[in-house]
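Enquirer: Chains A and B are the protein sequences, given in the same order. Numbering (our numbering) for the first sequence: 1 to 112. Numbering (our numbering) for the second sequence: 1 to 114.
Treat the hints with care, as some may be off.
What the hints assert, rightly or not - Below 30 Å or equal to it, Euclidean Cα-Cα: the simulated DSSO-like pairs (lysine-lysine) are:
id, chain 1, residue 1, chain 2, residue 2
1, A, 37, B, 57
2, A, 42, A, 58
3, B, 71, A, 37
4, B, 57, A, 22
5, A, 57, B, 57
6, A, 111, B, 14
7, A, 71, B, 71
8, A, 68, B, 71
9, B, 71, A, 42
10, A, 111, A, 68
11, A, 58, B, 14
Just so you know, the hints here were simulated from the structure itself, not pulled from any lab data.
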Amino acid sequence: GENVEQHPSTLSVQEGDSAVIKCTYSDSASNYFPWYKQELGKRPQLIIDIRSNVGEKKDQRIAVTLNKTAKHFSLHITETQPEDSAVYFCAGPDTGGFKTIFGAGTRLFVKA
Amino acid sequence: NAGVTQTPKFQVLKTGQSMTLQCAQDMNHNSMYWYRQDPGMGLRLIYYSASEGTTDKGEVPNGYNVSRLNKREFSLRLESAAPSQTSVYFCASSSYHGQGYDYTFGSGTRLTVV
């Protein structure tokens, strides 16, 4: 099965700066990597994903990159705003089963 | 379109009491899941149901049972609640799109066991 490791566990940035969260995975057969955002007291929600046939995907201020050789993928948030403060989870498919393996989460603080 | 609906939203139990958390989805998803999230922690899988009629243990199944009542509904039962089960419980369902699963989560049940 898959194993997903996420770093850092906590990240504090100044408003307007960029934030990068990195995840590594173990199963080279994995080919889909979503990111979820969980605001305080709310449910996790899918914000962006990347599939193995592309190296980068952007959606306004967020982007995700994938390096299949090194088996890692990253979430990039540019021009951070206070509303970006949340816990972010990376994920990868459990290729041995019917579920997704979540990373441990990164708590992002954006200081105004 | 309600998505994933969980009830109740809040619950306080005494040690040893039992209760059932209800979850229903209206997206025609095959797979459903129960997670717990302790304060400042990640999501830990309790049980999942890959399809109607099947259930499997996740990472932390002890002290819980589940029932996949039909395609829409997946319930979680605590037979004898313990303080260690104080947590926020999330139900989720997923659709498979050929390469992986996109999850939709319910709004959560905040459970306190005293």
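Enquirer: Between the alpha carbons of residue 71 (chain A) and residue 71 (chain B), is the straight-line distance 30 Å or under?
Expert: Violated - the C-alpha atoms of residue 71 (chain B) and residue 71 (chain A) are around 35 Å apart, more than 30 Å.
Enquirer: Straight-line Cα separation of residue 37 (chain A) and residue 57 (chain B) no greater than 30 Å?
Expert: OK: residue 37 (chain A) and residue 57 (chain B) at ~25 Å, within 30 Å.
Enquirer: When you check the alpha-carbon spacing of residue 111 (chain A) and residue 68 (chain A), does it fall within 30 Å?
Expert: Violated - the C-alpha atoms of residue 68 (chain A) and residue 111 (chain A) are around 33 Å apart, more than 30 Å.
Enquirer: Against the 30 Å threshold, does the CA-CA distance of residue 42 (chain A) and residue 58 (chain A) hold or violate the hint?
Expert: At roughly 24 Å apart (the allowed maximum being 30 Å), residue 58 (chain A) and residue 42 (chain A) satisfy the hint.
Enquirer: Hinted pair, alpha-carbon criterion (30 Å max): residue 57 (chain B), residue 22 (chain A). Please report holds or violated.
Expert: holds (29 Å)
Enquirer: Residue 58 (chain A) and residue 14 (chain B) were given as a pair; does the straight-line alpha-carbon distance stay at or below 30 Å?
Expert: Distance ~48 Å between residue 58 (chain A) and residue 14 (chain B) Cα, so the pair is violated.
Enquirer: Verify the proposed pairing of residue 68 (chain A) with residue 71 (chain B), using a straight-line Cα cut of 30 Å.
Expert: violated (36 Å)
Enquirer: Holds or violated: are the alpha carbons of residue 111 (chain A) and residue 14 (chain B) at most 30 Å from each other?
Expert: Violated - the C-alpha atoms of residue 14 (chain B) and residue 111 (chain A) are around 40 Å apart, more than 30 Å.
Enquirer: Just to be careful, I want the Cα atoms of residue 71 (chain B) and residue 42 (chain A) compared with a cutoff of 30 Å; is the pair within it?
Expert: holds (25 Å)
Enquirer: Holds or violated: are the alpha carbons of residue 71 (chain B) and residue 37 (chain A) at most 30 Å from each other?
Expert: This hinted pair holds, its Cα atoms lying about 27 Å apart.
Enquirer: Within a Cα-Cα threshold of 30 Å, do residue 57 (chain A) and residue 57 (chain B) meet the stated pairing?
Expert: Violated: residue 57 (chain A) and residue 57 (chain B) sit about 34 Å apart, past 30 Å.
Hints 5, 6, 7, 8, 10 and 11 from the list above are not met by this structure, while the remaining hints are.
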